[in-house]
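One line per chain: the protein sequences are R and X, in this order.
Under the numbering used here, the first residue of the first sequence is numbered 1, with each subsequent residue one higher.
Under the numbering used here, the first residue of the second sequence is numbered 1, with each subsequent residue one higher.
The hints are simulated quantities; they were obtained by calculation from the structure and are not laboratory data.
Wrong hints could be hidden among the right ones.
No copy labels: a pair is met if it fits in one copy or bridges any two.
Lysine to any residue pairs mimicking SDA-like chemistry, simulated, CA-CA at most 20 Å apart [stated by the list, open to error]:
1. Lys50 to Glu78
2. Lys117 to Arg86
3. Lys50 to Thr68
4. Lys117 to Thr68
5. Lys117 to Thr53
6. Lys117 to Val38
7. Lys50 to Val106
8. Lys50 to Pro75
9. Lys50 to Glu60
10. Lys117 to Pro71
11. Lys50 to Gln94
12. Lys50 to Pro90
13. Lys50 to Trp21
14. Lys117 to Glu78
15. Lys117 to Arg61
Owing to the predicted nature of the structure, the values given are computational and were not obtained by experimental measurement.
2 protein chains.
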Amino acid sequence: MTDPELACPIAPVVDIVFSRWTTPILWALHEFGRQRFVELERRLPSITPKVLTQRLRQLERDGLLTRTYHPEVPPRVEYEISDLGRSLSPVFAQLATWAGDHLGDVAAARESYDATKTQKV
Amino acid sequence: MTDPELACPIAPVVDIVFSRWTTPILWALHEFGRQRFVELERRLPSITPKVLTQRLRQLERDGLLTRTYHPEVPPRVEYEISDLGRSLSPVFAQLATWAGDHLGDVAAARESYDATKTQKV
DNA sequence: CAGCATCCGAGAAGATACTG
DNA sequence: CAGTATCTTCTCGGATGCTG
Numbered sequence: 001m002t003d004p005e006l007a008c009p010i011a012p013v014v015d016i017v018f019s020r021w022t023t024p025i026l027w028a029l030h031e032f033g034r035q036r037f038v039e040l041e042r043r044l045p046s047i048t049p050k051v052l053t054q055r056l057r058q059l060e061r062d063g064l065l066t067r068t069y070h071p072e073v074p075p076r077v078e079y080e081i082s083d084l085g086r087s088l089s090p091v092f093a094q095l096a097t098w099a100g101d102h103l104g105d106v107a108a109a110r111e112s113y114d115a116t117k118t119q120k121v
Numbered sequence: 001m002t003d004p005e006l007a008c009p010i011a012p013v014v015d016i017v018f019s020r021w022t023t024p025i026l027w028a029l030h031e032f033g034r035q036r037f038v039e040l041e042r043r044l045p046s047i048t049p050k051v052l053t054q055r056l057r058q059l060e061r062d063g064l065l066t067r068t069y070h071p072e073v074p075p076r077v078e079y080e081i082s083d084l085g086r087s088l089s090p091v092f093a094q095l096a097t098w099a100g101d102h103l104g105d106v107a108a109a110r111e112s113y114d115a116t117k118t119q120k121v
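Based on the sequences and whatever the hints tell you, model everything.
The following block contains the structure:
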């Protein structure tokens, strides 16, 4: 990125793993196994083909998934999560746990903040 | 965000915790304790006051840090990580571990990818 | 089917200057 | 000091159309 960012040791990981759309894509591949382009497109309802391609290329380059091109007619391409991608499972599991434990706290904090800060109108 | 995103259970957490600049800010507060605005500004070399303010407000609203305003002359404002913010420590620790274990793999994957894909030039 | 090329609009971020 | 206000820049993402 721009900067070492105060040597924050997790900044590089965040760039790699938590870019936009990467977690839903990895999740879909992790949950439903090897899939074709259109299947992924269908599972991610609001993504466009262009962006999906961009993100898949990025994840392929980072080694988090593998892309298999079958030169047939019509062409067939399959995406599958790699071992490196699978190694993120515990991280995602822990995030899911945190979500279950604390997402309500965040919502409450937001309500409280919005309530006190709503002096206008 | 835009969409349930296929009910990916960690998508909401990613939005809250891994927005731009949030991890370096939380890390700085976690590592160096309560700090004033300028101290944070100095630790995050490439951030501008505007963006720092935006991110601090967002994190305050989400309950991940607390903001204490001291009405003095000159004014003094201190930011401190909250209990909710501290509850992310294990997540960050695990990410740091993953970084140590696999960041090299990602770098290698990138080199390999770039090497094979460099047909141009 | 998978994906690239092109254009366009919105929102984020940067630079600068000013205030309580 | 701790911001806010304004303006500009710019990257990302959406929409559309075309190809192997």
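Going through the earlier hints one by one, which of them does the structure break, listed in rising order? 2, 6, 7, 11, 12
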